[in-house]
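Student: Listed below are the residues making up each chain.
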Amino acid sequence: MYKILLILLTVGSFVFAMDVEEIVQKVDTRDDGDNIISDMSMVLIDKANKQRVRTMKTYTKDFGVDTYKTIYFLAPSDVKNTAFLTYDYDDDAKDDDQWLYLPALKKTKRIASTDKSGSFMGSDFSYADMTKPDLTDYNYKIVKEQKVGKHNTWIIERLPKTQAILDETGYKKSYIFVRQDNFVVIRAMHYLDDGKKKYMNVKKLEKIEGIWIATEIEMKTTKNKKRLHTTILQLSDIKLNQKLNENLFSVRQIEKGI
Amino acid sequence: MRLIFLALHVISSLTYADKFEDDLGGFEEESIAIIEIKKIKEKTHQLKGSLKLSSSYNYAHNAPSSGNTDFRGLSRLKTTLDLCVDSKINDNWKSRFEVQAFYDAIYVARDTTYTDDMIDTYESEFEIQEAYILGSIADNIDLKIGRQIVVWGKSDNIRLNDVINPLDNREIGMVDIEDLRLPLFMSKLDYYSGVWNLSAMVIHESRIQKEAANGSDYLPTHIFLKPNTIFPEDKTPATSFKNSQYALSLNGRFSGWDLSFYGAKVLDTKWHFENSKQTRTYSPIKTVGIATNIAIESLLLTSELVYTKDLKFNTVNSEKSRLDFLLGAEYNGITDFTLSLEVAQRHIFDYEATMQSAPDFAYEDESQSALRMSYSFNHEKGMLTYLNTLFWNNNNINGGFERLWVNYDLNDDFEINIGLVDYIGGDKIVLDALSDNDRFFADISYHF
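Protein chains in written order, with the numbering used here: chain Z, 1 to 258; chain E, 1001 to 1448.
Here chain Z stands alone, though its shape is the one from the complex (with noise of 0.2 Å):
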């Protein structure tokens, strides 16, 4: 009995192992858009329910297999006109390029950090959550599939191949909940090294120009089940398709504003 017990497991974890490649392949090539403007702002609530919030303009658009961005802050009143401007590469191997406008210092300034798991903006959401996972850093693994809301949903374990992806993001293991119609990620469990978790819920996925894009994501950290921080981020005015000329993402056009 025992060795069928063994041999069910063995291949059902088999059979996952095929699926999740497939499922985690589709996830990545999902078309999430390209030429986007939108109006992002973040409530950020601390564990005594206060709140702040900030607010930003974003240009997104895709140069081949990198993407662009410029984020424009626009409130709070003492960081309005900052600006930051993101060369994400596709390629490994070469570091993303990072300049922020500093208005106060009148000066663009050159950011050079690989870790990625600092606070973006003060929110719960690390600079890692704001970009897109690199398929190949990572080990994965269908844990089970459930529903949410009226939805079934993979979840897959997501682990880091080594511990130089580990140190970038800060996260030692994650959870991934892939909604089965649609391969868009709706939910992810994230635990960090200092036995903190990080709860990341979308609350509004929409279908804008046939393309589905989270308007409203809640992400929450806690630790030891007590909540210590919340944020939620909400898209707006989500424009598609726009023409975005090249000389948007550039220092030039930082230091203009707009």
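None of these hints come from the bench; they were simulated from the model. Keep in mind that this is a model prediction, so the values were computed, not measured. Misleading hints may appear alongside valid ones.
[To be verified] 25 Å max Cα-Cα, derived BS3-like pairs, lysine-lysine: (1) Lys239/Z to Lys1188/E; (2) Lys1188/E to Lys1094/E; (3) Lys1094/E to Lys69/Z.
[Claimed, not checked] Chain E is faced by these chain Z residues, among others (derived, beta-carbon under 10 Å): (4) Asn81; (5) Tyr191; (6) Gly257.
Quick reminder that beta carbons are idealized off the backbone N, C-alpha and C, glycines included.
Fit chain E to the given chain Z structure using the hints.
Tutor: Chain E only, in chain Z's frame:
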């Protein structure tokens, strides 16, 4: 044996599954009432500004001799208002008009004597800050005319190539870097081609540094000048076509590194006597320089080189040249933590020993270092920063200061800033004279 193995495997899987299911409980909804997010509308004119109340407390001064100013205790009760209007003229042109005013009540609140120069310099001020129009006159050419700030160089803490704007040196060690540079009226043309940008400037306004008041705690001339020495007024060269200044830079931005070349004819930041020592003034100097930075993973390496000629001194007749070189590194590899170190070396050519005496206090070779450590905490509500700046030569410390402060956002509109400055004495008498100028400071700002 196999049965035990299987049992352990099953138990461990079940425990793991229980833990996993338990962790999934974290997705459970929690009702938090989210504040309403105001939609930011694009307006033709946008007003922004800040109101800041700042104070400082000097804790290291000795009691003054009779008739001199008592610098001990509370030394600042200042209110600063900054107003800025950004206007969008059309899709192509925009403008800015910014004014700043301050009033320091300490000069009426304290029962001590202040010199007229101190009152004039520190009690109140109203100034036009940046005031310009900016737009594109062709696809790849931008024009910016008006009072503006242009920052040159790659280093953050030590200025080598950053020679365009004069500085506010009234309170050395206390002025925030964003308030340090004084805007100048100029016409600036930028041409862009691929990764390159050529920038040409004609500076129409002759503006000099704001220096500390004679006899103040930031320029205690009674310590390093002979008694009854007359400290003449400084005179700003006339703003005229003949006195126009010029600057040119070529900047390249590449994947992983940046490179800039600079050349300028601008007013020196250092004064010299004229008119038989009846006045002090500032003459033009010429500079050429180069700066680069290279990003290697989480390390940003910086280097600058600048050659300056036509430097005038008071203790010698001939003009001198100087070569400045800087190396710097900034590390961002630790989450929420930034560490940077910059070291600069300056060498004066054809140096004469007499230049070391008053009022030049110039060394043939002098080094400067700046160490900065910043730690961001509580979801970037707070930032703790330590800055140490030192001047030295021949293994002797000439002076400097260190500053530790914490900046904390109380909410989206209010922030506080608390810290202390420790002035470090040394062999350079003008810096050593500041060594008992240590103080605590505290500010609260409202941004709107």
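Student: Give a verdict on every hint.
Tutor: Checked hints:
1. Lys239/Z to Lys1188/E: 35 Å, violated
2. Lys1188/E to Lys1094/E: 15 Å, holds
3. Lys1094/E to Lys69/Z: 23 Å, holds
4. Asn81: Holds - the Cβ of Asn81/Z comes within 10 Å of chain E, reaching about 8 Å at its closest.
5. Tyr191: 8 Å, holds
6. Gly257: 8 Å, holds
In this structure, only the earlier hint numbered 1 is contradicted, and the remaining ones agree with it.
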